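Peer 1: Residues per chain, in single letters:
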Amino acid sequence: MRELYTYEKSRELFARAQKIIPSGIYGHQGPAEGCYMPVEAFPFYSERALGSRFWDVDGNEFLDYMCGYGPNVLGYNDPDVNAAADAQRAKSDCVTAPSPVMVDFADLLVDTVASADWAFFAKNGNDVTTLAVLTARAHTRRKKIVFFRGYYHGVSPWTQKIDYPGILPEEVANNVCLPWNDFQAIEDLFAREGDEVAAVIAQPYMHGNFADNELPAEGFWAHVRALCDKHGAVLIVDDVRAGFRLDLAGSDHYYGFRADLICFCKALANGYNVSALCGRRELMNTVSGISFTGSYWMSAVPFAAGIACIEKMKRLDLCALLRARGEALKTGLIAAGKKYGFDLHVSGELALPYLRIADDPTLSLHQEWIAECVRRGIFFTNHHNHFLNASLTEEDIRQTIDVADEAFAAVRARREA
Amino acid sequence: MKNTEERAMAFVNLYAVLGAIPRLCELDADAAALADQNVSIGFDVKGGPAATLSFGGGACRLSEGTAGCRIRLPISSCARFNGVVAGTVTPIPSRGFFKLGFLLKNFGGITKILESYLRPAPGALEDPDFFRRSTLLTRHVLVSAAAALGNTDTVARASASYIPDGSAEIAIGGEDSVWLSCRDHRLTAVFSRPDDVCAVMKFRDVHLARDIFDGRANSVACVGNGDVRIGGMIPMVDNINRIFDRVSVYLA
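Line by line, the protein sequences give chains A and B. Under our numbering, think of the first position of the first sequence as 1, with each following residue one higher. Under our numbering, think of the first position of the second sequence as 1001, with each following residue one higher.
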């Protein structure tokens, strides 16, 4: 039996932070939005990270299945990516005139991503999803944007809902939200107001939180593509979360269609700070006419890191590797749950597994099991998809399943006590 | 940016503000003493809510509709009813003239006591008993207002559209819980434990609850140090929190 982790230093740091930082840790990496339940089970701050692991400020070691919520695709502190970044840093980073490495990076993306005729760089996923929507509206001169229920496309006002603090009804008045995989709903929408639709924006499959992730139904993307073509709407794929983990040519390529615009961020440079919007030739002029920029968007170090990351993902045959690891993880976790009478569902694509114990619709049982895993050094999260990375070994998977087994046993014992 | 809706405000005023009188009579002896006569007051708001407060024996209860009430107050619009509750409009009964004394003296007295708890005078909260009663009544109003707004206010209805069926427990350490139940995205405030609880939001104690109700603390920030506990079906808690944000706009 493993000793359960405690987090005294994390809590001391958090107490300091709460006095000077809103919520202590805001956003998805904070305890509220991150759904840390019970909060005592989770570390708040990391000290260092390497490969598939991070160590928190209390010295606890974690096998990390969140990968910084995605960016860690090769392993933390990957030596090849770091070497490329270090070499570029020795030359230049944030300079008045951009570095040639920006052009090299764009070239590589155009060569790698099936739907890319050009590339535009920014910093976060939200930057490029926002540019994609601006581009669609500028190109079509229409207002409406179609979303699918359970979506997440960033934090700008246009991505939010009418009931979010600080959002004006006018800012979301042209958002239309449809059920995922509902052929008829999108057909009806286009029949009714197709000449007002600027774009359909979607993740390649539904990886929303709090529910099993749902792959596209057979023919769904072809249907959406055909409707966009017929009505002159732009099809935007938000590949920020899944990008490069399913297919280095883009998740639209993986599912057999072509996006007009495709957004990348997380796995683009193994944690170095860059995002990209790629698209088809016909939209390039429109993007040229949009005023959209930022202080650090042309920094050279992340471009060099991105080139090294993409080249290494190709060398490793990353997507096949992640599928194999994901299959072993899925099989092992489901078997461990079954041993103790729990019905663990693993949904979504294998490289980004979403976990849910289906025996309890309130999700409390699932939260209890996740907490037991985290206290034993496997960093899972309650209600978000997980991320695999290339440095995860077969031995890591075995360790994960051992811990999951022990955690299931602890939950079962408590339930029967 | 106040952007409240008159009809939604009328539901809040009837079901949450006046709807807190039954709980007030349980918590406050002076209010209970004024509720000694068997009199019922029906509020019938055109285009809005209709409900009756029935008094007697030191207690009060709220029921739907105005059938059989002793004093009936027909009110021509939601805006006028909101004026009645704000004290800027005087209602005229259509029946029950002989009970006007109760309406003016007893009911007026009860609403004054209610106001003293919901908008306490400076220093009043230093009395620990008053503080506790005020906080419990405030929670009662907030939960009832959340249900009213989740069913009527445009923005809160958007939040309710994301709430699954079931009940969320809203607990304050050491006190009885209250619940918000949802069925087909319609909300109901519930004051005895339902059998379909699937989410919980628990405040450490009445002091923290008060700070959150009064806007001096934020429930999201308090999750990190365990002062607010959340668990179970989180979309329920998350969207109820968004409706509480709307409640604060209406009750400001």
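A few of these clues could be false.
Mimicking BS3-like on lysine-lysine, the simulated pairs with C-alpha atoms at most 30 Å apart in a straight line are [said to hold, decoys possible]: (1) Lys123/A - Lys19/A; (2) Lys1202/B - Lys9/A; (3) Lys1046/B - Lys1112/B; (4) Lys91/A - Lys161/A; (5) Lys161/A - Lys123/A; (6) Lys161/A - Lys1112/B; (7) Lys339/A - Lys312/A; (8) Lys9/A - Lys143/A; (9) Lys19/A - Lys1202/B.
Keep in mind that the hints were calculated from the coordinates and are not lab data. Note that the structure is a prediction, hence the values are computed from the model and not measured.
Peer 1: Hints first: check each against the structure and report whether it holds.
Peer 2: Hint-by-hint comparison with the structure:
For the given pair, Lys123/A sits about 29 Å from Lys19/A by alpha-carbon distance, which is consistent with the 30 Å threshold. Restraint check: the Cα-Cα separation between Lys1202/B and Lys9/A comes to about 25 Å, which is no more than 30 Å; the hinted pair holds. Pair hint Lys1046/B plus Lys1112/B holds up; C-alpha atoms about 26 Å apart against a cutoff of 30 Å. The hinted pair formed by Lys91/A and Lys161/A fails the criterion: a straight-line CA distance of about 44 Å is larger than 30 Å.
In summary, the hint linking Lys161/A to Lys123/A is supported, as the alpha carbons are separated by about 24 Å, within the 30 Å threshold. For the hint pairing Lys161/A with Lys1112/B, the CA-to-CA distance comes to about 39 Å; that exceeds 30 Å, so the pair is violated. For the proposed pair Lys339/A and Lys312/A, the alpha carbon gap of about 39 Å is over 30 Å, so the pair is violated. The straight-line distance between the Cα atoms of Lys9/A and Lys143/A is roughly 50 Å, outside the 30 Å bound, and the hint therefore fails.
Pair hint Lys19/A plus Lys1202/B holds up; C-alpha atoms about 22 Å apart against a cutoff of 30 Å.
In this structure, the hints that do not hold are numbers 4, 6, 7 and 8, in rising order.
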